[in-house]
Each structure stands twice: as C-alpha cells, then as structure tokens.
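Asker: Just so you know, the protein sequences line up as chains A and B, in that order.
Residues 1 to 417 (our numbering) are what the first sequence spells out, left to right.
Residues 1 to 119 (our numbering) are what the second sequence spells out, left to right.
Think of the hints as simulated: they come from the structure by calculation, not from any bench.
Predicted, not measured: the structure shown is a model, and the values here were computed from it.
Cross-link-like lysine-lysine pairs, in silico, DSS-like; alpha carbons within 25 Å at most: (1) K168(A) / K74(A); (2) K253(A) / K275(A); (3) K227(A) / K283(A); (4) K75(B) / K98(B); (5) K166(A) / K98(B); (6) K98(B) / K171(A).
Label pairs and their calculated CB-CB ranges: (7) K24(B) / A223(A): 45 to 51 Å; (8) T67(B) / R162(A): 30 to 36 Å; (9) P152(A) / A72(B): 30 to 36 Å.
Think of the CB as a built atom: it goes at the ideal place given N, C-alpha and C, for glycine as much as any other residue.
For reference, the chains in residue letters:
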Amino acid sequence: MVAKRTIETLQRRDGGRILAGLIRYCSDIDAAEESLQEAYLRASLDWPRNGIPTNPAAWITTVAQRYFLDELRKSKRLSFFADDEMENIAAPATSNPANIIAELHDEINDDQLRLIFICCHPALAPVAQITLALKTICQFSVGEIARSFLEPETTTAQRLVRTKRKIKEAKIPYIVPTSTQLPERVDAVLSVIYLLFNEGYTLGRAQNLMRQSLCEEAIRLGALLQKLLPATPQSPEMSGLLALMQLHHARAKARVDSAGNLIPLEEQNRGLWDKEAIHFAIKMLDDAVAERLPGPYQMEAAIASLHCQAATAAATDWKQIWGLYSALWQHRPTDIVALNGAVAHAMAFSIEEGLAIIDKISERGELALYHLLHAARADLLRRQGKNEAATIAYNRAIDLAENDAERRYLQQRLMAM
Amino acid sequence: MQYMLLIYGDEKAWFNLPEAELQKGYQAYIDFTKEIMASGCMRGGSELKPINTATTVRVKNGKTLTTDGPFAETKEQLGGYYLIDVPTLDDALAWAAKCPGSWGGSIEVRPLNDNPQPE
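Extracted from the complex, chain A is given alone in its bound form (with noise of 0.2 Å):
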C-alpha cells in the first residue's frame, strides 16, 4: 500500500523530471517513456517486497536507463541508433544510485527546461503543443488529455503520435535554445503556457474538474519555468503571465454557480476569493513592473488586478483599466483589445461613447460576428436602460454564441433585464 502510493507521488510530482532526463538519455521521447513505464512497473513489484529505497526517483532513473539499454542491446533494429553511436551511451551508474540525482543536479534543470522548450517549439502546431507538454511535464495519461479536450482518447493518442514522429523525423532538437534565439523561444513557451490555462478557464462545452486542472497545470508550468530560467529580459512578462493566471484562478469559485453557470465578475461573491493567492500574484507583478520592461502579460495583469482589488464591482477603478488597455494596444494592436478598451471607456467616461467605439470596431469586419462583441454592446445598452435594443443584442450575441454554456449564460442575461 505505501509502496503503491510511493510510486503514485511519485509519478504525479517528479515523473516530468524523471523523463526530461531520460528523454536525454534515450535521444528518444517514446524509448524515455516506455523505460520510465517499465521502471515504474518494477518498482511496483520490487518495493512492496524490498523496501521503498532511499532516493526513490534515482531508483527509478536507474533502473529505467538500464531497461533502456538492454533493449538496445537485443533489438539488432536500433531504430534511434546507429551502431557506433552505442558507445556513446553513458553505462548507468551502478555502484550508488542514490548518487546519480546529486551528479546530475546541473543537468536536471536543463532537462527540464529541454523538455519544456521542444514541446514548445514553434515547428509544432498549438494543440500538438499543449498535448505533448501535458503528456510529458504534466504527467496526464492519454485518457486525462482527452477527458479536458472532451475528445476521443484515439484522437489524443494520434495526435502525439503524430507529434513526436515529427520532432523524430524532422529532427527538432533537444536543447535549451541559443541566446539569440532564446527570446523569440520563451515567448512561444509563455503563449503556450497561456493557451493551456485558456482552455481550462474558458467555458467550455462542460466545466469539469479535468479543465480547472488545465488552469493548475499552466500555473505550475509558469512557476517551473521562472524557477528554472535565470533572469533574462523576458523575465517580467513571464511574471507577469504568472500573476495573470494567479488572479484569474483566484476568482475560481466565484465565477461558476452549482448548476455549472458563468457568474460575471459584477455579480460575483468577492468573499470567495482567494485573498491570499490574489496577495501573492499582486507583490510578484509589483516586481516584475520594477524591473521597467513593460509588455502585454504584465499590462493584462494589472489590469486583472485592478478587478481583483475592488471591494465592490462599483469601486472599480474603471480609468486606470482604460489607461490600461490603451497601453496594452500599442503591444497588441488587436480588435479584441481595442473592444475591451471600448467597455472600459464606457465604464470610466460615457456609455455613449463606447458603444460609438464599439461600433466603429463591428464596421471594421473581423468581430462583425464575434458574439462577446454583441454581448459588450447589449450590456452596455442595458445599462443605458435601452431595453429593447439590448435585447435585440443579446439575441444577436446568442445566435453567434460558440457552445451551449455561453448560449445559458447570454439567455440568462436577457431574462435578468
């Protein structure tokens, strides 16, 4: 029983460690997962009888490595290997094995960050990124992916198989990349991080515990990787994403009511907040913005952090957000930043006018049909108290809504009025 929850743990908080270093070790993302399986199905039938070891997680590498290379001995195929690259191989440490985590402290960090930088590569597209970080850091099982995509788990299974065959037949390297190139490359890893959260925060087709799980996961990444990269000048925007998450995870049992509803942020119970995770994301934007390199993340942090500050949602610091949001524009020059501009103007100024501006956005074309554009203007009208125009508005925002629980929600806007 404890040997079984020993190697739970242990899969769950250092099985992406564990594999980052075997993936290094094997030149191979499938030859690193299989050994780690079989390790772990060894220890399962060595512990209960034995003993849990010492240093579990360096049983574990050991007895992985030497599985690894046994394979390779008695398959003549070698399908990653040519013959004299054999000897290139490091043996296993055999003497201590409780020493090989401590002589390759340097090396773990590295693993890491290659593990967490090849998933991230740009040549991989999005999704196939988000499945194999969460297949590999993450630890997910096929099964776990594919219940937060709400997809089938043959799906999940030939998209990674798709994607490692890639990184194989391409030769996407691992490694942490050069200097010149480490700027674009954190920049593709924060956008993924943040496209894992994305999923799990927006209301999907279900709101299942499996997607609040995304949200931790990209937070735990975002720490692992401001843990693991020394300070560079993309250091601020990664706290910056880093407080972003935080402050919008701490209103997680705010923003959903028990029949699975979206409550928006006015109407939300500020006591359930998570006052002290909301503390800590605050302090650690605070010093990121110290460090004067402004960008998008910090910008959008703060500006989550200005709602997350309010004791009420009428104390709202409405001008701040809007000064805010224009910042943010000259980073983003987007439709979507320039829409929530226009609500916050509204807010802070003239509803008149933000709606004029929202407007002038929908002429524009691209959010023509975007129904949370719809959405801002029927609630903006409502506020107006121009009923009927919302609630031309909201059926607007409703016929062009993506999935079933923002239709719910649009509905019981329109009821509400």
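Once you have looked at the hints, place chain B on chain A.
Answerer: Just chain B now, with coordinates in the frame of chain A:
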C-alpha cells in the same frame, strides 16, 4: 540531416519590381548564397524559371498526360530552393529566416527522407 528550403513567393510581384529593386533582391540572394556556401552546409540550390515554363506530366493507365503549367495554381509559387546539410531543424530554420525568400514570401523547410541510394 539534409533539409530542403523551398522558396515560395508571388512570382508576378517579384518580376514586376522596378529594375533597381530587382537588382537589390538578387544581390541579397547572392550575399546569402555566399554566406551559406562559406559555412560549408550547402549541398545545392537554384532559382527556378517562372511557372509559365512549367509542364506537368501524369501517367494514367499507361498513357502519358502532359499539361501546361504547374501542378497546382496557388497564390505563391515555388521559385527556388536550397539543399542544406545541418545538424538539426533549428539550424535549418535559422538559415531559412536568413534567406531573402522568407522576407516577402515564405520558405517551407522539409527534411529529406534518408532512403538508401540505389547501387
């Protein structure tokens, strides 16, 4: 590992450039080619003649069908290639980003399949 850098671009836009601009474009390719040759990784490469010189051949039921024009009409056309031998995809991507073809158009980076050469 060998990679093909397949250069796609709007052929019309390229040939409609004013003479001075076109010269600048070719000069950029000459500079890039010199650099990649000096690095020792270049295995081949060339500009292709425009698509109006292309001919497509298909053999169906033993019958050869020859048609004028490229395999598919697209907005960007294959206009040239480099064949390079570098350690990993990252190196190939770095060369692709340096190649003038990626500035206005796009470059598809494809690893070569290492089929055994026939004796």
